[in-house]
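Colleague: Spelled out from the first residue to the last, the chains are:
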Amino acid sequence: MNVELAVSLWRGGANGRYETYRVPQRQSQTVLDVVTFVQRHIDPTLSYRFACRVGVCGSCAMTVNGKPRWTCRTHVAKVAASGKLEIGPLENLPVIKDLTTDMRPFFEKWQQANGVFAPTKTRQDDIAQIRPDTPARMAADAAIECINCGVCYAACDTVRWNSGYLGPAALTRAWTLVNDARDGGNTARLQAIAGSGGCHACHSHQSCQELCPQALNPTAAIAGLKRRTATAYLKGEITA
Amino acid sequence: MLHRISGLALAIFLPFHFLALGLALERDARLASFLRWTDQPLVKVAEIGLVFLFTVHLLGGLRILVIENLAWRDEQKQLATFAAALSAIIALAFLVRVF
Amino acid sequence: MNVRLYIWQRATAAIMAPLVLVHIAIIFYAARGGLSATDILARTRGSIAWAAFYGLFVLAVSIHASIGVRNVLSEWSPLSERRTDACAVFIGIVLAGLGLRAVAAVVVP
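Top line first, the protein sequences correspond to chains Z, P and X. According to the numbering used here, the stretch in the first sequence is residues 105 to 344, in order. According to the numbering used here, the stretch in the second sequence is residues 17 to 115, in order. According to the numbering used here, the stretch in the third sequence is residues 47 to 155, in order.
FYI, nobody ran anything at the bench for these hints, they're computed from the structure. Model, not experiment: these values are computed from the prediction. Think of the CB as a built atom: it goes at the ideal place given N, C-alpha and C, for glycine as much as any other residue. Treat the hints with care, as some may be off.
Unchecked claim - If the Cβ cut is set under 7 Å, some of the chain X residues that face chain Z in the computed set are:
#1 48
#2 52
#3 85
#4 118
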């Protein structure tokens, strides 16, 4: 194939701009291949992240033609039908340089959502017996495979409009812990996600579910949290 | 987004709706003459728009209540959105016939 | 939005869903039948049922709309949380006030 792609890449920080590069199109090429080509053969000052390049780590997430995706799992042929590609850093996060973002707000919100296991046993106790087919464990398992890639956070309208919103990933992790029979921190956790940046800010637009590369459903997890916090509030276990 | 816009539009319209009905406080004839004013085609078009917004907002709200409280599979949600859009169009068509 | 406002928002929505359907049916019926103001008022004046139905509707919508508009303001406007709360209360009072006045207008004989 001798076709060339016109690739726009974001260069600079928050006040940067798109610059265009010409990249030869190849068979089965992924967007990550394109970015790598630019960095290796055209401009070595291009900054971007990747690790496994086979779709298991989530490091290569970027905005491709307007949508957040894993670039290693996005075939150019599928998204650049007219030979044009626009690649930028993930939305809703501060830009460090070019295609890399500062993921700290994402992880800080994880902590704010109490997305941390609160143990109830010590190593001297017997191992907890958790059946995999209880409804709670099945709900947790359906949401547990999050690898913190940030695609859902970048896709979320509410994250964009509400700077205090904890986001789909943090809330999904909170949901897995709420359903974890071994965890002892649920009252504090439900309290943490019942405030102004919590689960109730979600409008169920489902961009997260639509774009999650792990096929998770944060909308459903957050809906579960809405029900749990409502019940806890009505029972007087948490306050508004 | 349609849900949000329809909600805002309805919230803005409502006080006027209440004020119009409140005209009956003065004299029934005040409300009667107001209703004659609303017989104009332009007003009828606006009324159709309002009923459409009303229906859209209701259906969007039902969609949310279902997503948040019932266990639906992802494909079913798309079907529900489609059904809701279809219902809104049917409601609108029916209303156009009425007017 | 927090858990308390969420519950009020969803609860008033659930209460209003059937009320809205009845209201739409009433609109269609009145429009098709070409009901005049006199006809409508003849049916509503002195009716406890209509007073209860629309009274409940007005109260529910005042709560629902004020919380809804507050959410939109907090996401799309630069107003602080205190200001959006104040707007919500104001809108709720205006809607409830005008609405109950309108209900009284058509129901009180």
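Colleague: So, residue 85 of chain X near chain Z? Judge it on the closest CB pair being under 7 Å.
Modeller: violated (42 Å)
Colleague: With chain Z as the partner, please determine if residue 48 of chain X meets the hint condition of a C-beta pair closer than 7 Å.
Modeller: holds (5 Å)
Colleague: Hint residue 118 of chain X vs chain Z: min CB-CB distance below 7 Å?
Modeller: Check failed: Cβ of residue 118 of chain X comes no nearer than 9 Å to chain Z, outside 7 Å.
Colleague: Does the interface hint hold: is residue 52 of chain X within less than 7 Å of chain Z, judged Cβ to Cβ?
Modeller: Since chain Z brings a Cβ to about 4 Å from residue 52 of chain X, closer than 7 Å, the hint holds.
Hint check: violations occur at hints 3, 4; the rest are consistent with the structure.
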